[in-house]
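A.B. asks: Single-letter residue listing:
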Amino acid sequence: MLDTSVRLSCEGAEHARLADGVRAAWSRCLGPPSGDPEVRLSLTLDAETARNDRAADLSAPDLDVLLHRLSPLVTVRAIDQQAGRLLMLHAAGVADPATGRTVALVAPSGTGKTTAARALCRTLGYVTDETLAVREDGSIAGYPKPLSVLETRGDPHKAQLSPDDLDLQEAPPACTLAGVVVLDRDDSAPAWLESVPLLSALARLAPESSYLSRLPKPLHRLAGAVELAGGLKIVHYADREQLAELVDGLLMAS
Amino acid sequence: MNSHVTYRPAEWGDWFVDGDESAVLVDGQVIVLSALATAVVDGAVRQLGLRALTDEVVQRFGPPPDDDAEAATLAVLAELVDAGILRRVQ
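Just so you know, the sequences run in chain order A and B. Numbering-wise (the numbering used here), the first sequence opens with residue 76 and increments by one. Numbering-wise (the numbering used here), the second sequence opens with residue 1117 and increments by one.
I should point out that these hints are in silico values taken from the structure, not numbers from a laboratory. From a predicted model like this one, the values you see are computed outputs, not experimental measurements. Take the hints with a grain of salt, since some may be wrong.
[Stated by the list, open to error] No more than 20 Å apart at the CA atoms, straight line, and that leaves these computed lysine to aspartate or glutamate pairs for EDC-like:
#  : chain 1 : residue 1 : chain 2 : residue 2
1  : A       : Lys308    : A       : Asp262
2  : A       : Lys292    : B       : Glu1127
3  : A       : Lys292    : B       : Glu1137
4  : A       : Lys308    : A       : Glu269
5  : A       : Lys292    : A       : Asp212
6  : A       : Lys233    : A       : Asp95
7  : A       : Lys292    : B       : Asp1143
8  : A       : Lys292    : A       : Glu211
9  : A       : Lys292    : A       : Glu302
10 : A       : Lys308    : A       : Glu320
11 : A       : Lys308    : A       : Glu283
12 : A       : Lys308    : A       : Asp261
13 : A       : Lys292    : B       : Asp1134
14 : A       : Lys308    : B       : Asp1134
15 : A       : Lys292    : B       : Asp1158
16 : A       : Lys308    : A       : Asp323
17 : A       : Lys292    : A       : Asp155
18 : A       : Lys308    : A       : Asp259
[Stated by the list, open to error] Residues from chain A shown here face chain B by an in silico Cβ test under 8 Å; the list is partial:
#  : residue
19 : Leu274
20 : Lys292
21 : Pro293
[Claimed, not checked] Anything over 10 Å on all C-beta distances counts as not near chain B; from chain A, calculated:
#  : residue
22 : Ser80
23 : Glu89
24 : Asp95
25 : Ala130
26 : Leu138
27 : Asp139
28 : Ala158
29 : Arg160
30 : Gly175
31 : Asp212
32 : Val224
33 : Glu226
34 : Glu320
35 : Met327
In this text, a Cβ means the ideal position worked out from N, Cα and C, and glycines have one as well.
With the rest of the complex left out, here is chain A (with noise of 0.2 Å):
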């Protein structure tokens, strides 16, 4: 996932339960062993830290708030191993399951991301709903992580659940990005989509990356992504389905 390699070592006397519920949340992002990963992070339940004496990387009372928390720290350690390589963008990506053909979904933290793909994969394959890597040549470096779901009004801790219990569609394991679009649910009926020029479109688009300046000539690669994708665009609308009719719309004139 983000091409990096990711061991996550689950300790003490629950481990089994834990990696239980770690594989199963995190069931896109498996893949064999690796010999020697780029990021290794040992976990365990709060109780068995105290036994042991012993910090984890990663304790909490129970599973359920342990996923809530590892995802996000896998997120940024993953993050912080692709800094100078790849270009992540804070956005979910949603692929045509048949040709890869991905458009970015860039919003802000807490502001649609998830929601935008949860709706858009039931037909559309699941990339990601967090951060869009894009490689030199356009490729993606898919991130398929557990979605953050809000069960339960007002319980602090989100579910994580995967795209698999969700029943989201596969991503193909080539992916290219066709689109980039920022997300601004305004009410617009009907929606629409509004073209960004291109310097508009980085000085938009770099507030919503990780570690753009780590890049080699970061403004250059930006700018080649956007002209990849056709152009940066903001979507304009007020409900899923007219999202859904848009993104289609995007994929199928790429």
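Guided by the hints, dock chain B onto chain A, whose structure is given.
C.D. replies: Chain B only, in chain A's frame:
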């Protein structure tokens, strides 16, 4: 402004030119530059002196309303310095 002061690019992350305009990445922020500002930055990159730079700007964009082209160029240079795009060199 004395004639010994020149202007050079500051420490920026990247400069991307698109037609007559451009964008600069400074301290993680993208600043979009007008055609005039882009021409001035381009002159600084080519290490033009104030007089040569002013001549180029006037030739391309015409004289300013008050006809004081050198003062107008200096004003643009000062804005670019304030934005962290150029730096003064003695």
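A.B. asks: Does each hint fit the structure? Answer for all of them.
C.D. replies: Hints, one by one, checked against the model:
This hinted pair checks out: lysine 308 of chain A and aspartate 262 of chain A have alpha carbons roughly 17 Å apart, not beyond 20 Å. Restraint check: the Cα-Cα separation between lysine 292 of chain A and glutamate 1127 of chain B comes to about 13 Å, which is no more than 20 Å; the hinted pair holds. With a C-alpha separation of about 17 Å, the suggested pairing of lysine 292 of chain A with glutamate 1137 of chain B holds against the 20 Å cut-off. Between lysine 308 of chain A and glutamate 269 of chain A, the direct Cα distance comes to roughly 5 Å. Compliance with the 20 Å bound is thereby established for this hinted pair.
Proximity of lysine 292 of chain A to aspartate 212 of chain A is assessed by CA-CA distance (about 15 Å); at most 20 Å being required, the pair is judged to hold. Note on lysine 233 of chain A and aspartate 95 of chain A: the hinted pairing holds, with a Cα-Cα distance of about 19 Å set against a maximum of 20 Å. With a C-alpha separation of about 14 Å, the suggested pairing of lysine 292 of chain A with aspartate 1143 of chain B holds against the 20 Å cut-off. Taking the CA atoms of lysine 292 of chain A and glutamate 211 of chain A, the gap is near 11 Å; set against the 20 Å cutoff, the hint holds.
Straight-line distance between C-alpha atoms of lysine 292 of chain A and glutamate 302 of chain A comes to about 16 Å, which keeps the hinted pair within the 20 Å bound. A distance of roughly 15 Å separates the Cα atoms of lysine 308 of chain A and glutamate 320 of chain A; the hinted pair therefore holds under the 20 Å criterion. With a CA separation close to 14 Å, the supplied pair lysine 308 of chain A and glutamate 283 of chain A stays within the 20 Å bound. The straight-line distance between the Cα atoms of lysine 308 of chain A and aspartate 261 of chain A is roughly 15 Å, inside the 20 Å bound, and the hint therefore holds.
For the given pair, lysine 292 of chain A sits about 15 Å from aspartate 1134 of chain B by alpha-carbon distance, which is consistent with the 20 Å threshold. Of the pairs offered as hints, the one joining lysine 308 of chain A and aspartate 1134 of chain B holds, with about 18 Å between alpha carbons and a cut-off of 20 Å not exceeded. Straight-line distance between C-alpha atoms of lysine 292 of chain A and aspartate 1158 of chain B comes to about 17 Å, which keeps the hinted pair within the 20 Å bound. For the hint pairing lysine 308 of chain A with aspartate 323 of chain A, the CA-to-CA distance comes to about 14 Å; that is within 20 Å, so the pair holds.
Restraint check for lysine 292 of chain A and aspartate 155 of chain A: satisfied, since their Cα atoms lie roughly 18 Å apart, inside the 20 Å limit. Distance check on the hinted pair: lysine 308 of chain A and aspartate 259 of chain A sit about 10 Å apart at the alpha-carbon level, within 20 Å; holds. Because the beta carbon of leucine 274 of chain A sits about 5 Å from the nearest beta carbon in chain B, less than 8 Å, this interface hint is met. With a cut of 8 Å, the hint placing lysine 292 of chain A at the interface with chain B holds, because the nearest CB-to-CB distance is about 5 Å.
Hint status for proline 293 of chain A: holds, given a least beta-carbon distance of 5 Å to chain B, under 8 Å. At roughly 28 Å from the closest C-beta of chain B, the C-beta of serine 80 of chain A stays outside 10 Å, upholding its exclusion from the interface. Look at glutamate 89 of chain A: its CB is around 42 Å from the nearest CB on chain B, clear of 10 Å, so calling it non-interface holds up. The claim that aspartate 95 of chain A is not at the interface with chain B holds, since no C-beta of that chain comes within 10 Å of its own (minimum 41 Å).
Distance check on alanine 130 of chain A: its Cβ is at least 33 Å (rounded) from any Cβ of chain B, clearing the 10 Å threshold; non-interface status holds. Every Cβ of chain B is farther than 10 Å from the Cβ of leucine 138 of chain A; the closest lies at roughly 37 Å, confirming the non-interface assignment. Its beta-carbon lying about 35 Å from the closest one in chain B, aspartate 139 of chain A satisfies the requirement of being farther than 10 Å from that chain. Distance check for alanine 158 of chain A against chain B: the nearest CB is about 13 Å away, which clears 10 Å, and the non-interface claim stands.
The Cβ of arginine 160 of chain A lies farther than 10 Å from every Cβ of chain B, with a closest approach of about 16 Å, so its non-interface assignment holds. Distance check for glycine 175 of chain A against chain B: the nearest CB is about 28 Å away, which clears 10 Å, and the non-interface claim stands. Listed as a non-interface residue, aspartate 212 of chain A keeps its Cβ farther than 10 Å from every Cβ of chain B; the least gap is roughly 19 Å. No Cβ of chain B approaches the Cβ of valine 224 of chain A within 10 Å, the least distance being about 32 Å, so the stated non-interface status holds.
With a least beta-carbon separation of about 36 Å from chain B, glutamate 226 of chain A lies farther than 10 Å from that chain, consistent with its non-interface assignment. Distance check on glutamate 320 of chain A: its Cβ is at least 31 Å (rounded) from any Cβ of chain B, clearing the 10 Å threshold; non-interface status holds. The beta carbon of methionine 327 of chain A sits about 28 Å from the closest Cβ of chain B, which is more than 10 Å, so the claim that it is off the interface holds.
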